[in-house]
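Please build the complex by placing chain B on the supplied structure of chain A, with the hints as guidance.
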Amino acid sequence: MQEMVARTESPGIRSEELFVNMGPQHPSTHGVLRVLTRLDGEKVIDAQADIGYLHRCFEKIAEKRQLFQVIPYTDRTDYLAAIHDELVFVMAVEKLLEIEVPERAQYIRFIMSELQRIASHLLWFGTFAMDLGATTAFLYAWRERERLLDIFEAVTGARMLYNYLRFGGVRNDVFDGFESTVERYLKDFEKRLEDYHELVTGNRIFEKRTQGVGVITAEEAIAYGASGPVLRASGVKYDVRKNDPYLLYDRYDFEVPVGKNGDCYDRYMVRMQEMVESAKLVRHGLADMPSGDVMGKVPRRIKLEGDTYARIESARGEVACYLVGDGSDRAYRLKWRSPCFVHLQLLNIMARGGLIADLVASIGSIDIVMGEVDR
Amino acid sequence: MDMFTAMHSGLVQMGVPLWLANLVPPLVKALILLLFILLNCMFLIWMERKVAGHMQRRMGPMRTGPHGIIQSLADVIKLISKEDIIPNGVDRWVFVLAPIVAFAPAFAVFMVIPFGPTLIAQDLNIALIFIAALTSFVVISFLMAGWSSNNKWSLLGAMRSTAQLISYEVPLVISVVAVALLAGSLSLQEIVEAQRESFWYILVQPVGFLVFLTASLAELNRSPFDLSEAEQELVAGYNTEYSGMRWALLYLTEYANLITFAAIASTLFFGGWSGPVLPPFVWFMIKVYFFIFLVMWIRWTLPRVRVDQLMELGWKGLLPLSLVNLAFTGVYVLIR
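Here the protein sequences line up with chains A and B, keeping their order.
If you count by this note's numbering, then the first sequence holds residues 27 to 401, one letter each, in order.
If you count by this note's numbering, then the second sequence holds residues 361 to 696, one letter each, in order.
Chain A on its own, in the form it takes in the complex (with noise of 0.2 Å):
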């Protein structure tokens, strides 16, 4: 600030800051995020998120709903990574009533929640490397994500917002030859995988746009609550899949991948990596999928009673949804935790002190979905 003044006052020169609003409408906000912003020429002084735009209400509709209308709701939170939310809702709910989900049904879940992650970072890789100004890369992974839309599609009937899972189990069994298809379509992503990183990651404008660009300290990331990529590109080793382990992830080995200085070309490597070890995950689901019922036994009439908390590993990070039942069908309390509205926080630590570019290479990091954080 003393700077600041100083410089005001220099004679001849004046100069003054810059207030820019940064959205809601801007090609690099990723939906409807406002970033108030304060310049001084091309540098950002300050960088502060307003939200709110996308705002629908979940957790108060949750409320007035039947649980298994809940259920599509959970989708339009994380629309990018949708079986992810179901997943966690679903499961809080298993979890109350106590409910016994078939092996089959878990290994599915666990299957399709390991290819969603895929997907998911398979779009981001796509949405940062045009945030960064390079185009042909997003439509690249557009062609492998869209074969995994097309595989979810066969499954479930939904391209992206599924309704897919259900109290106890899963709607539909998967369709006859799931098994080979995702085989061949594993071998074919992990070829391109390769070709991302010819293309982007050893590009020197790339590494040079990237490295040292938002940085985010560990302290920082813990402080502020940060989960999934964004935490362990920081250096954390902290992974629900791990840490509170649930489906199947305890009975498979995987590597949890780990940065080091918490800046964007962190965790971008980061989320490259969990692409591949997804990709294990997946084979060592189709390898031991047993055959046998996709639904259990659910109570005809649901009385949710007392409260519970359940939390997965979802693409952005930790979803967890806390579910108080007062003993009748309906949700008496729904909280929905969402990773992005976390990190978004994180948001003026990142981009004070860089440029604009930076503050968009830094939104892009954080992998924001804005249904996510205004729920």
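Since the hints were made in silico from the structure, they are not lab data.
Source: prediction; values computed, not measured.
One thing to keep in mind: the hints can contain errors.
Stated by the list, open to error - Listed below are the simulated DSS-like cross-link pairs for lysine-lysine, each with C-alpha atoms no more than 25 Å apart in a straight line:
#1 Lys389(B) x Lys69(A)
#2 Lys676(B) x Lys234(A)
#3 Lys442(B) x Lys69(A)
#4 Lys361(A) x Lys86(A)
Coordinates of chain B only, in the frame set by chain A:
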């Protein structure tokens, strides 16, 4: 230019006043050049979309005509028939003038470009200086457009491009000077002749060419240096508030500059219109389109550099490199 002399004397014989007869040949030349630019730009816009499409495993425009070949024509019709919007609060005169100030020099540069041994509107003996002077005009138009738009994004875009164009002009001109030194002339026609007598200058000027190429990409506001219109950062930069024909004119300028760059690159480093078997004009166009394709290829491959990195590259990288190159060229010319 026999045709034009004949036209001139014919007009004088027909009793047309001398001043009017003097005026007609240049006007006809200008018209031909304008037509050349317009047609090529329309083709280039289509080509850019096709190149981008095929690189991104898409088709690009397909519906209007075979493989969308008349897509640009349809776009022109659309742009002409659009409402002419001048937003509230803009500096009216400057806003209206900016696209014209942008296009006029981009158009005028074509005057000195040799399309063939005789196909040149005016063989100036200071052609290179003329080009350097005119192409730097574009800064003014960007600044005018950005400043008058009364939009912060436009202003930021204009500021960026001003800094960028001024910085990159220096290495660009120095790398061109090295070529002039080799040829011993500033006239483009004579530079081509000099290369026909010896060899293409790319052989002795690889560094100079690299500097020229990089600086040109910056001058053209092309990726990876398209900072002034960085969509992801500045919405559309200096032309955010422009629409309809005014926007089309700014767009046209961009592509006209692209042709200019390609023409100069092939003239200075790749022997211009010279080449075996095929007629000179064809050779010239082949070379020009090769460079245009190269620029498009780069655009759809690389991410964008940041504004501070851009300045660093310009002043700390290209400028010393071009100076060293110039020094070596001087020595080479002395001992040749």
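Hint by hint, here is what the structure shows:
1. Lys389(B) x Lys69(A): violated (48 Å)
2. Lys676(B) x Lys234(A): Since the Cα atoms of lysine 676(B) and lysine 234(A) sit roughly 16 Å apart, the hinted pair holds (cutoff 25 Å).
3. Lys442(B) x Lys69(A): violated (37 Å)
4. Lys361(A) x Lys86(A): With Cα atoms ~9 Å apart, lysine 361(A) and lysine 86(A) stay inside 25 Å; holds.
The structure fails hints 1 and 3 (numbered hints given earlier, in ascending order).
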